[in-house]
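Participant: What follows is each chain in one-letter form.
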Amino acid sequence: MTYFNFPHIEEDDNLKNLRNDVKSFLKTTFNSNNIKPQADAWMYSANPEFSKKLGEKGWLGMSFPKKYGGREKTMLERYVITEELLVAGAPVAAHWIADRQSGSQIIRYGTEKQKKEIIPKISSGECFFAIGMSEPDSGSDLASVKTFAKKTADGWELTGRKIWSTGAHLSHYMIVLARTEKLDEKNRHSGLSQFLVNLKLPGVEINPIEDMTHQKHFNETVFNNVKLNKDALLGEEGMGWQQVVGELALERSGPERFLSHYILLDNFISEFRYKMSEMGITSLGKIISELQTLRMMSFSIAWMIQEKKSPDVQAAFVKEAGNVFEKKLIETIREMSNLIPFEEWSSSLKSLFQDATLRIPANSLRGGTSEIMRGIISKQLGLR
Amino acid sequence: MKDEVKIILDICDKILLKNVDHHLRLNLEPNSTQFKTLKDEIISSELTKLLVKEDLGGAGMTLNDIIPIVQLSAQYGTPIPFIETIISNFLLSELNIKPENDFITLTNKTENIIIKKDKISGNFKSIPYLNLAEKILVETEIKNQKYIILFKKGGKLKLQKNFLSEPKFDLDAAELEIISMMEKPEQMDIQNLLINVRSIQSFGAMEKILKLCIEYCSQRKQFGRTLSKFQMIQNHISEIALEVAASGASLSTLKNNNKNFYNLKNTAIPKIRTGIASGKVIALSHQVHGAMGFTKEYELSYFTKALNSWRNEFGNEIYWQNILGKLFLNQNKNLWEFLNH
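Going down the list, the sequences are from chains H and X. The first sequence begins at 1 in our numbering and counts up one residue at a time. The second sequence begins at 1001 in our numbering and counts up one residue at a time.
If you are wondering where the hints come from, they were derived from the structure by calculation, not from laboratory data. There's no promise every hint is true.
[As the list claims (entries may be wrong)] Computed cross-link-like contacts, BS3-like style, restricted to lysine-lysine with a CA-CA straight-line distance of at most 25 Å:
(1) K1255/X x K327/H
(2) K1326/X x K308/H
(3) K230/H x K150/H
(4) K151/H x K66/H
(5) K1265/X x K16/H
(6) K16/H x K1006/X
(7) K309/H x K115/H
(8) K1117/X x K1211/X
(9) K1211/X x K1184/X
(10) K327/H x K1184/X
(11) K1161/X x K1116/X
(12) K1280/X x K16/H
(13) K1002/X x K309/H
(14) K379/H x K1229/X
(15) K309/H x K1255/X
(16) K1161/X x K1119/X
(17) K23/H x K1146/X
(18) K309/H x K327/H
(19) K151/H x K52/H
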């Protein structure tokens, strides 16, 4: 009767040693390069030099085949590195999307030429990607995208607009989901294809959008009759929906869904460790239990992906539970502060807290809203 | 899952499917034919000796192996001291004592214990299913030494008020016959073991509740549509599913090594997570079932009462959150180190 299984996966000595290696590397690199840890760093903190250093260490493109410049390591090894980067607040935003999902899409669906050209650069931390899914009129309803790729004698002509494209201004490529056939209302998931679009091509326009925290990390990306070669098609024509569903599982299941603001928690504990009330200690116990459970779920999904299973629904669980956890975390930290007024907190903690508080509404929007996650779960349960 | 566990699970499933229903839960009498048949089948199939060492006549399975069996038993809402007997026989086996061919129940809540010439007297609290068991296993302390004592049931049983239809009893015992008495080894933490059993059972019961919600809402129509088509209902049920999934994942702390069942941190994490989940699942499942779920006749309430009983045993999740929070703070590690060790 078990509906959703999260098999137990043990972290072996090899993984434990890897954790220690990453920790040492981060300590040294942060010190020598004067890197300041940041919350939500996978979204807000880009540092191409740091990404290159990770590539040099062999910690990007880890699961990709060696013949394309990958490392042929396991998804569990990648998971451990990802966790350590997140808890350290490392500046990983530049390469994050390429390493998390775009590279895997190319390995899975790309041509030999695409793999040979792009994967080595992702693995060396020198090629960055943006996501080309949402549009001004297509948010949660992804199948309604209107960006159109018209077949030409030489390839394709791409017209349309993508929105909320995080890091597009720093990226080299975007994987664009576009219609290659007119919308069939009876079969809305058909007639979609994915394209590998070089963002330096003529006709591509990237316009920054300032978010409510005054940061410009996401963009509107406009394609004005952009000419694409035939080999810009990623995977099979008309199979874009099926391909994008797998990509979303990679996007949703990782530890960034519940460790984005870990650095705030860690700093808070350092400052309040000896000032916590019984109520605060009790709330902390709850956080520990929920956080450790989320880690076990996400680690299990990394193993499922490694084993070529399709944990699409399990990914929706992690995304939704992770979002709920982080939203509650902000509120819980307020409750745990033992009646010590905010004004009296250290300036660094106040800064982290303010950033987290302002950024938290985005958690349950980016990568699919809570409502969409619950819809996915309901569908799997046969309710719709 | 090991092949031998799959086989045992299959045997267990067949017995419970055939014998356990809501009628049994509502009419649980030691002398009823339905109870006697179920008991005979469980005892004769040796399911109560799964954790007993092979040289003592058991199956030699590990605590890890029986997680799915405890879960299955809870999914069926099995209203007998089946799991209590498995655990009691396990503890006896760990002390190199042969298992019993009867139902045994157990408690660690004891007062005023006096041992005199192979007889035990004292007050024993909160003993589940004492009316259906023949023997009692207790952990108790006498003159700063902890003991495990197995003795024959007797004396007057006092039924306690409890959330669950699961009967719990207090017993004032006077000179009952001791079958075995051994010093308790230091590493044997019975309370943690029992808490973990409850966490696994809670997960199983929540899985059953999720199933009931899906079935009920897929059949019942209101406003010309099945309830399952209403977005609000889908939202409630997906939240239940989320809590069930998280509860199952939290049990990961117990797996791989049997010592994890005795470890405070590994015990606290699922105890807290399943406790939190239970609260949400109870409220949401009753909401989606409407008045039907509030009736004695429909089986939902059996499972929600079970969750209420288990989540309040041995300290509720708030109590355990405090223990876990202090455990971390007292170790003088940063949180990430604490989580990874």
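Participant: Each of the hints needs a verdict: does it hold here or not?
Facilitator: These are the hints, each one checked on the structure:
no. : hint              : verdict
1   : K1255/X x K327/H  : violated (30 Å)
2   : K1326/X x K308/H  : violated (41 Å)
3   : K230/H x K150/H   : holds (11 Å)
4   : K151/H x K66/H    : violated (34 Å)
5   : K1265/X x K16/H   : holds (19 Å)
6   : K16/H x K1006/X   : violated (32 Å)
7   : K309/H x K115/H   : holds (22 Å)
8   : K1117/X x K1211/X : violated (52 Å)
9   : K1211/X x K1184/X : violated (41 Å)
10  : K327/H x K1184/X  : violated (45 Å)
11  : K1161/X x K1116/X : violated (32 Å)
12  : K1280/X x K16/H   : violated (35 Å)
13  : K1002/X x K309/H  : holds (20 Å)
14  : K379/H x K1229/X  : holds (11 Å)
15  : K309/H x K1255/X  : holds (22 Å)
16  : K1161/X x K1119/X : violated (29 Å)
17  : K23/H x K1146/X   : violated (44 Å)
18  : K309/H x K327/H   : violated (30 Å)
19  : K151/H x K52/H    : violated (37 Å)
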